[in-house]
Every structure is written in structure tokens, then in C-alpha cells.
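Peer 1: Now for the letters of each chain:
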Amino acid sequence: MAVSVVEATTLRTRIPPVRNPWPRRKRKAKEAFRYAVIVALCLVVLFPVYWMVLSTFQPEKYTLTYPPPLWFRGFNTSAISSLFSQQPIASWLFHSFIVSAVTVVITVVLAVPGAYLLSRLRFRGSGAFGFLLLFTQLMPGAMIIVPELEWYRTLHWTNNLFTLGLLYAAFNVPLGCWILKSSFDTVPNEVIDACYVDGCTQVGSIRRILIPLSRAGLVAVVIVAFFGSWNDYLFASAFLTNRSLYTAGLGIATFISQQNVQLFQLMAAGVVFSLLPVILYVSVQRHVARGLTAGAVK
Amino acid sequence: MAATEALVIDSPEAKPVRRASRGNSFGRQAGLRSNLHLKLLAPILVFEGLFVVYPIIRGVILAFQQTNYGKTSWVGLANFRQMIHDPIFWASVRTTFEFTLAMVVVWLSLGLGVALLTNWAFKGRSLVRGILAIPWAIPDVPTVLTFTIMLDPNFGILNRIASWIPGVHHQIQWLTAPNLAFIAIITMVAWKGFPFYSLVILSSLQAIPDDLYEAAKVDGAGAFQRFRSITFPSIVPTLSLLAVLAFIFSFQQFTLIYLSTGGGPGQDTSTIAILIYNQAFQYFNYNYASAMAAVGLLLAVFGTVLFVVIERRVIRQRYLEGGLS
Numbered sequence: 018m019a020v021s022v023v024e025a026t027t028l029r030t031r032i033p034p035v036r037n038p039w040p041r042r043k044r045k046a047k048e049a050f051r052y053a054v055i056v057a058l059c060l061v062v063l064f065p066v067y068w069m070v071l072s073t074f075q076p077e078k079y080t081l082t083y084p085p086p087l088w089f090r091g092f093n094t095s096a097i098s099s100l101f102s103q104q105p106i107a108s109w110l111f112h113s114f115i116v117s118a119v120t121v122v123i124t125v126v127l128a129v130p131g132a133y134l135l136s137r138l139r140f141r142g143s144g145a146f147g148f149l150l151l152f153t154q155l156m157p158g159a160m161i162i163v164p165e166l167e168w169y170r171t172l173h174w175t176n177n178l179f180t181l182g183l184l185y186a187a188f189n190v191p192l193g194c195w196i197l198k199s200s201f202d203t204v205p206n207e208v209i210d211a212c213y214v215d216g217c218t219q220v221g222s223i224r225r226i227l228i229p230l231s232r233a234g235l236v237a238v239v240i241v242a243f244f245g246s247w248n249d250y251l252f253a254s255a256f257l258t259n260r261s262l263y264t265a266g267l268g269i270a271t272f273i274s275q276q277n278v279q280l281f282q283l284m285a286a287g288v289v290f291s292l293l294p295v296i297l298y299v300s301v302q303r304h305v306a307r308g309l310t311a312g313a314v315k
Numbered sequence: 006m007a008a009t010e011a012l013v014i015d016s017p018e019a020k021p022v023r024r025a026s027r028g029n030s031f032g033r034q035a036g037l038r039s040n041l042h043l044k045l046l047a048p049i050l051v052f053e054g055l056f057v058v059y060p061i062i063r064g065v066i067l068a069f070q071q072t073n074y075g076k077t078s079w080v081g082l083a084n085f086r087q088m089i090h091d092p093i094f095w096a097s098v099r100t101t102f103e104f105t106l107a108m109v110v111v112w113l114s115l116g117l118g119v120a121l122l123t124n125w126a127f128k129g130r131s132l133v134r135g136i137l138a139i140p141w142a143i144p145d146v147p148t149v150l151t152f153t154i155m156l157d158p159n160f161g162i163l164n165r166i167a168s169w170i171p172g173v174h175h176q177i178q179w180l181t182a183p184n185l186a187f188i189a190i191i192t193m194v195a196w197k198g199f200p201f202y203s204l205v206i207l208s209s210l211q212a213i214p215d216d217l218y219e220a221a222k223v224d225g226a227g228a229f230q231r232f233r234s235i236t237f238p239s240i241v242p243t244l245s246l247l248a249v250l251a252f253i254f255s256f257q258q259f260t261l262i263y264l265s266t267g268g269g270p271g272q273d274t275s276t277i278a279i280l281i282y283n284q285a286f287q288y289f290n291y292n293y294a295s296a297m298a299a300v301g302l303l304l305a306v307f308g309t310v311l312f313v314v315i316e317r318r319v320i321r322q323r324y325l326e327g328g329l330s
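Order-wise, the sequence lines are chains F and W. Just so we're aligned, residue 18 is where the first sequence starts under my numbering, counting upward by one. Just so we're aligned, residue 6 is where the second sequence starts under my numbering, counting upward by one.
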């Protein structure tokens, strides 16, 4: 629906306006100007990313000179290889991956019933339920970290990747519910009714109709949960004190205060750590951009 | 009704017949009669209760206690009294206020600017939108690394760019000079977060019917006038929702600030989140940190309520508009 509106809009703008006192030349100039601004904006926005990549692959002798060269003076991958050989980055990345996997699975499993509750059922306390979810989602992590840590210590759950994943899931389930709810909302009631007529139960209608028809929403939930746990530093820094269990975000952050880590290794770590989220984002961006934003502003 | 039953009775599965014949086929009404919602609610409530609600309650209790040498005792409002007389706390309240206000303004204006700029049928627009959203996908820690390196006073690229400006000679200490550190943080947080705002604003721009612009053009309205009387009023609801979200998200911001300045220089960039973390994990004043967290929680509740109120209004307005068109 919305897509067709967009297409219509874009088509419309190509048609010259009804009364155009100025011939094409002025419009062309205006377009060129707009293009120029857009290109400049993209360059500025991409610059930090470019700089990270440049500092990683620039030959070492150039990275610490002042003024730093703006372009590649060569290309070497020694930063990456020395990073992997001198730092436990591989195991840190693996830890991040485990934690993220736990987060994603739990979030999806709990977001489906939550979204169904928000989208299709009206029950006593549904307003309070929605508010609880929203509050959990909007609550700053730093406000809860102290009691959460005490609670985890009582349970002997600190220094444990699985329980850390559970914690991230708890913070991502609410957003997951909202995203999936907006996806469930788009499924017409008639389809569900047809399913009932064919003899399926409500749970059956979730499994056979709503989930298959909300694939984009599910992907968005997976992405959000993955980003949420892959990105975290706050909780990991408090809950993982055992260096051999560090997640990549936490481990790389410790590089900042370490004198013996070379600058190009630092940047290489940044590139390696950003790679997975960026690839994920680029591969699904077109399909889930709407789902992601819908989740925040329902 | 009868027809539905007849249809269902023919189906080979017996169980669903009962369910279908029990009431209307609409899920919403069926939900009233079954206790399905309880079964679906239970796991989420248990999970969130265990990991979020219980710790919140515990945190509030901590705020009224004091632990000395392993002994925990009730101290009433002592922690809060200490807080009220603590200039560092008030400094961080002020910093938080300035920071959140700055982020709301910067995020919304950047988001609006980028959305207006890209809301136009040009070649490669999906590529541009993809590029402009990349900062969103870069995690916090690499963002901090990159900005720290770029802002390094000795070999950072930004000082090289700054040296092109006539009159700038000395090496600027971006992250350790009082006001510059604040500006540097805002720039970094803005870079990381703006794609979200521009995407949401863009989708709300695209929902404005084109006829309005056509009509305005026919009436001889200029570009600015069209913006003022069509574009802006149509996106005000979205903007106000985003303003609340920007407030909450900047209030939550921790990693980018903590890893780049640690709250310094002095207390210049120490928001409440940073202060709580430092109190808890540097000075191990868990109870004092909890008292400050309790205040932060109240603010978060306030933000959430504000969000709900504005959202209700937005939905009502959309509903009314839908009814008119």
C-alpha cells in the first residue's frame, strides 16, 4: 500500500508543474545543486567509516605520521593478521556470537505471543501490558545495572554468556513485540477467519497464517535483537569480569586503555567487529527498514 | 453462524469445531471467551518480571539502604539527602539536561534536513538512503574508536582539517577541553543516531498526499510557503513523537560518552547514566548509585508516559484525517 503511494509520489514529481515560469534550465540547475548537496552529505557521513577502513589497511608507517595522509598510500592486511595472532579477538567474536544467538532465539520466541496479544486480543489489563513493554524498552540500562548485577550475583549468573544473553533478550523482547505487532496488524482479519472456518485454532492461526505472512517483521525482530546484544558494552562490562569470557565489544573497548595495542590493530578490531552488523544491515535493509522504524513509532 | 458451523462440521478435525462454534470467528472476540491470553502472557510476564521488574524493585529498596562492612541497614532518605547536597549530582543533572536538549534539537533537525533532501525522485536514491543509514549499523565501540582517533590532538585528521581554517594553528584538544568535549560528544552521538530519525521522517513525508502540493502550486504558493503550510503541519505529530524518543535515547546514552571521555573533563560530560556507573563501579557506592538511579527511573517513567500521551493524540489525529479523506 504505502509503497504504491511512494511510487505514485515519485512519478508525479517528474511531471512538470502546471505553471512553470522558468524553463528547464533553472530546474536542471536546481537538481544539480541538490545532487551536489546529497553527495557532500554522503561523503561527510561516510567519512568516519572510511577513516576506520583507511587506518586499518594503510601501511603502518603512514598511520602515525602528522599530517595523516587522506588516501591509501598502499594496502596491507598486516593489521588484521597481527590482530588475530596477538589478541584473542577470534574467541571474543565467538562469545559475542553465542550471546547474540541466545538473545535472538529468546526474543523471537517471546515476541510472537507478545505481538499476538497486542495485535489480536483485547483482554483486561492489555493497556497495562503495553505500558509495561514500552517502559522496559525505554528504560535506560544504567538505571537498572546495580540491582541487576546484585541479582545476578545472588543467582551466581555472572560470567556466563548464556545468562547474559537472557538479560539482553529481556531488554529486546518489548521492541520485538511492537515490531511484530505492526506486522501482524497488516494481516487482514478475513484471512484469519478463513483459517478458523477451515478448522484451525487461534494458536494454529498464529503458526499457519500470521507467522508466514510476517516474515519481514520477523527479520526485523532478529536484526534488532542481534544489534542490541552485539552492540552492548554497559552490561557486558559489569557482568563479565573473566577476561577469557569477554565479548568482542568489551574486549575491544579494553584496547583503548591498553598502551601496548597499536593504533592500526585498534582500527582493525573496529572493522572486524562492525563487519557482521553492516553486512546484515545491507543485506536486509531494503526489506526491513520500514519494520524497524515501525517498531519504534508504532 | 449456522453456515459456519455447517462448514466446520464437514472438516475432518473434530476439536476445532467446538472452538469455532463457540462464538464468533473473530480472534478478538474469541479471545474474550478463552483463557488463551493468560497462556500467552505468562511466559513474557515471568521473564520480564524476573529480569526487569524484580531488579527495579530491588534497586528502589537499595536506594533506602546502606551497606557498611557487609552489614545492610535501613537508612530512610539518607541517600537522597546526600544526593540533594551533592554538587556533582546537580552538575550531572544539568549536563544531562543540556545533552538531551541538544540531542533532541540536533537529531530532529538533521533527520528533517536529510529526509527533505532525499524525499525526491532521483537516480540512486535507494543507494543514498542505504549509505546514509550505515552509521546506524556500526556498533558503539568501533564508533568511539574511530572518533577518538579522528579527534586525537597529535595525529588526528580533524586537526589537519582544522588547520586549513586560517587562524587555527595549535593542536586542538577535542576530548579534553571543557566545551569542545561536549560538542565532540554531541557530534558523535548525532552521527550514530540520526539515520533513525531521517528514516522515520522520510516515511512520514511520503505519506503526505501529493494533491496538496499540486493544489498549493496552482494557488501560487512558493517552496517555503508549501513547507510551512503543508509539509510541516503534516509531520508535526511524527516530530513530537520523535522528540520524546530522542529525549529517551539520549538519556539512555552511555557507551559513547563513557568510552570517549569517561564523563570528563572534570564532570563536563558526566550525565546521570555516567555518574551512576562511576559511583557504582569506581567508588562502589551501590546504595548511593541506586538512589540516583531511582531519580533516573522516575524520569524514564515520565518519558514513557509522555510518549504514550503524544502517541494517542497522533493516532487520534490520523484517524480523524483518515475519516475526512
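These are calculated hints, taken from the structure and not from any lab test. Hints are not guaranteed to be accurate.
What the hints assert, rightly or not - Straight line, CA to CA, 30 Å or less: simulated DSS-like cross-link-like pairs of lysine-lysine:
1) K76/W <-> K43/F
2) K47/F <-> K128/W
3) K222/W <-> K45/F
4) K128/W <-> K44/W
5) K44/W <-> K43/F
6) K47/F <-> K44/W
7) K128/W <-> K45/F
Stated by the list, open to error - Partial chain F-side listing against chain W, Cβ under 8 Å, derived:
8) Y52
9) T94
10) I97
11) V122
12) V125
13) F140
14) F146
15) T153
16) D202
17) V204
18) V208
19) L251
20) F290
21) Y298
22) V301
23) Q302
For every residue, glycine included, the Cβ atom is placed at its ideal position computed from N, Cα and C.
Peer 1: If you draw a straight line from the CA of K128/W to the CA of K44/W, is it 30 Å or shorter?
Peer 2: At roughly 51 Å apart (the allowed maximum being 30 Å), K44/W and K128/W break the hint.
Peer 1: Would the stated hint for T94/F survive a check requiring a Cβ distance to chain W of less than 8 Å?
Peer 2: With Cβ-Cβ at 18 Å, over 8 Å, it is violated.
Peer 1: Hint check: is the beta carbon of Y298/F less than 8 Å from a beta carbon of chain W?
Peer 2: Cβ of Y298/F sits 4 Å from chain W, so the hint holds.
Peer 1: Against chain W, run the beta carbon of V125/F and see if the smallest gap drops under 8 Å.
Peer 2: With a closest approach of 13 Å, the V125/F hint is violated.
Peer 1: Please check whether F290/F passes as an interface residue: C-beta within 8 Å of a C-beta belonging to chain W.
Peer 2: With a minimum Cβ separation of about 6 Å from chain W (threshold 8 Å), the hint on F290/F holds.
Peer 1: Per the CB criterion, is Q302/F less than 8 Å away from chain W?
Peer 2: holds, 6 Å
Peer 1: Have a go at the V204/F hint: is there a Cβ in chain W nearer than 8 Å to its own Cβ?
Peer 2: Not OK, violated: V204/F not within 8 Å of chain W, min 10 Å.
Peer 1: So if I understand the rule, the pair passes when the alpha-carbon distance is 30 Å or less; does K47/F with K128/W pass?
Peer 2: With Cα atoms ~15 Å apart, K47/F and K128/W stay inside 30 Å; holds.
Peer 1: When the nearest CB of chain W is found for L251/F, is that gap smaller than 8 Å?
Peer 2: Hint on L251/F: holds, closest Cβ of chain W at ~5 Å, below 8 Å.
Peer 1: Can the hint on F146/F be confirmed by a CB-to-CB distance to chain W that is less than 8 Å?
Peer 2: holds, 7 Å
Peer 1: Does D202/F hold up as a contact with chain W if the rule is Cβ-Cβ below 8 Å?
Peer 2: violated, 12 Å
Peer 1: Taking only the CA atoms, is the gap from K47/F to K44/W under or equal to 30 Å?
Peer 2: Not OK: K47/F and K44/W at ~60 Å, beyond 30 Å, violated.
Of the hints listed earlier, those the structure fails to meet are numbers 1, 4, 5, 6, 9, 10, 11, 12, 16, 17, 18, 22, in rising order.
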